[in-house]
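Visitor: Sequence:
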Amino acid sequence: MLKSKTLQELVFWLETIFLFTKSDYKTIFFPVIISSWAASPPPRTSQLVGTAVWVWFHLLQANVSNQTYSAHEDIINKPWRPLPSGRISVRATRRFRWILLVLCLCLSAWHGTGVLISSAALSLVEIVHDDIGFSSDPVLKNLMNVGGYLTFESGATLIMSSKAHFDRTSLIALFASGLLIFTTIHAQDFADAEGDKLSGRRTLPIVAPEGSRRYILAALPLWSIALSALWGLGPLSAVMFLCMGAFVGSQYFRFRDVKHDQASYVLYNVRFDDCTFCIADAVLVSTGMSRYGYWLHTHCL
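Residues in the sequence shown are numbered from 0 upward in steps of one, following numbering that gives the first Met the number 0.
Hints are supplied without guarantee of correctness; some may be wrong.
List time: in silico DSS-like cross-link candidates among lysine-lysine, alpha-carbon distance up to 27 angstroms [what the hints assert, rightly or not]:
#1 K258 x K4
#2 K77 x K25
#3 K258 x K21
#4 K162 x K4
#5 K196 x K162
#6 K196 x K21
#7 K258 x K196
#8 K4 x K25
#9 K77 x K258
#10 K162 x K77
Label-pair distances were calculated between CB atoms; the ranges are [to be verified]:
#11 F56 x L235: 20 to 28 angstroms
#12 L13 x V48: 14 to 22 angstroms
#13 A225 x L139: 19 to 27 angstroms
#14 R90 x K258: 33 to 41 angstroms
Derived from the structure by calculation, the hints contain no laboratory data.
All of these numbers come straight from a predicted model, not from anything done at the bench.
Cβ coordinates follow ideal geometry from the N, Cα and C atoms, glycine included.
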């Protein structure tokens, strides 16, 4: 009887931890692992596992930190999350957040100084975004998103490549990624507009509901053209990449309800991975690109 109760409690808390991270596997976990893999030499299994563990713990830390302050809006946007569903209290969540911060720093120190710096930078971004309140301003929120994504990518890339520093290609990749995120990450805010209004946030879809959709319609194809030129894609690959960007942008512009906005954001993150896996080999052969050319297809749509 005691064993059965203990097992039930263990399953309950494992499910609670999963629910903290549930919505970000497609937006952070898998894209970050794919991007770090594509920007690195072929990794060993231990490097791949180490990267996945590092990304997951930091994703959990970021989610717990953010959701501590978003329970009121999650009642509308994501009522299944641990706080609005009543699985855990705000006080317990905040304690868990600081425990995770220390755990993540210790895990990162084991991987080296560069990874430790990435972890510390991510923790700082979370404090500024969540505790200080930068998330309520559309521009500052985008800057924090850039900081968050880049620290995830930098730490994961260092672990995946087993390097102590970045080469020139990796630095260009991180810069391009940061600029891309800053100019298009409001794609995540369309589906959450109602909850964001409730919390007093001023996201771009709230401030400029029509203009933000016209902007994303134009921005994704333009980014496809720019990145194709930057990484020297061949004509066929560049056209396919442009069509992908145009399609995702058109989805945001044509369909404007919550259900479709959620589906469009999945497309924004998944970025047609099935198609890009098929054309990656052809791109590498035809253009002589480094592995980062593959990153472009899988990460920068």
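Visitor: Each hint needs a verdict: does it hold in this structure or not?
Guide: Each hint tested on the structure:
1. Between K258 and K4, the direct Cα distance comes to roughly 38 angstroms. Violation of the 27 angstroms bound is thereby established for this hinted pair.
2. Between K77 and K25, the direct Cα distance comes to roughly 16 angstroms. Compliance with the 27 angstroms bound is thereby established for this hinted pair.
3. Straight-line distance between C-alpha atoms of K258 and K21 comes to about 17 angstroms, which keeps the hinted pair within the 27 angstroms bound.
4. Note on K162 and K4: the hinted pairing is violated, with a Cα-Cα distance of about 46 angstroms set against a maximum of 27 angstroms.
5. For the proposed pair K196 and K162, the alpha carbon gap of about 44 angstroms is over 27 angstroms, so the pair is violated.
6. A hinted pair counts as satisfied when its Cα atoms are at most 27 angstroms apart, and K196 with K21 qualifies at roughly 23 angstroms.
7. With a C-alpha separation of about 18 angstroms, the suggested pairing of K258 with K196 holds against the 27 angstroms cut-off.
8. Of the supplied pair hints, the one linking K4 and K25 is violated, its CA atoms being roughly 33 angstroms apart against a limit of 27 angstroms.
9. A C-alpha spacing of about 13 angstroms is found between K77 and K258, which places the hinted pair at or below 27 angstroms, so the restraint holds.
10. With a C-alpha separation of about 39 angstroms, the suggested pairing of K162 with K77 is violated against the 27 angstroms cut-off.
11. Between F56 and L235 the beta carbons are some 40 angstroms apart, a value that contradicts the proposed interval 20 to 28 angstroms.
12. The hinted range of 14 to 22 angstroms is satisfied by L13 and V48, whose Cβ atoms lie roughly 19 angstroms apart.
13. Between A225 and L139 the CB atoms are about 25 angstroms apart, so this pair conforms to the stated range of 19 to 27 angstroms.
14. Restraint check, R90 to K258: a C-beta distance of roughly 34 angstroms satisfies the suggested window 33 to 41 angstroms.
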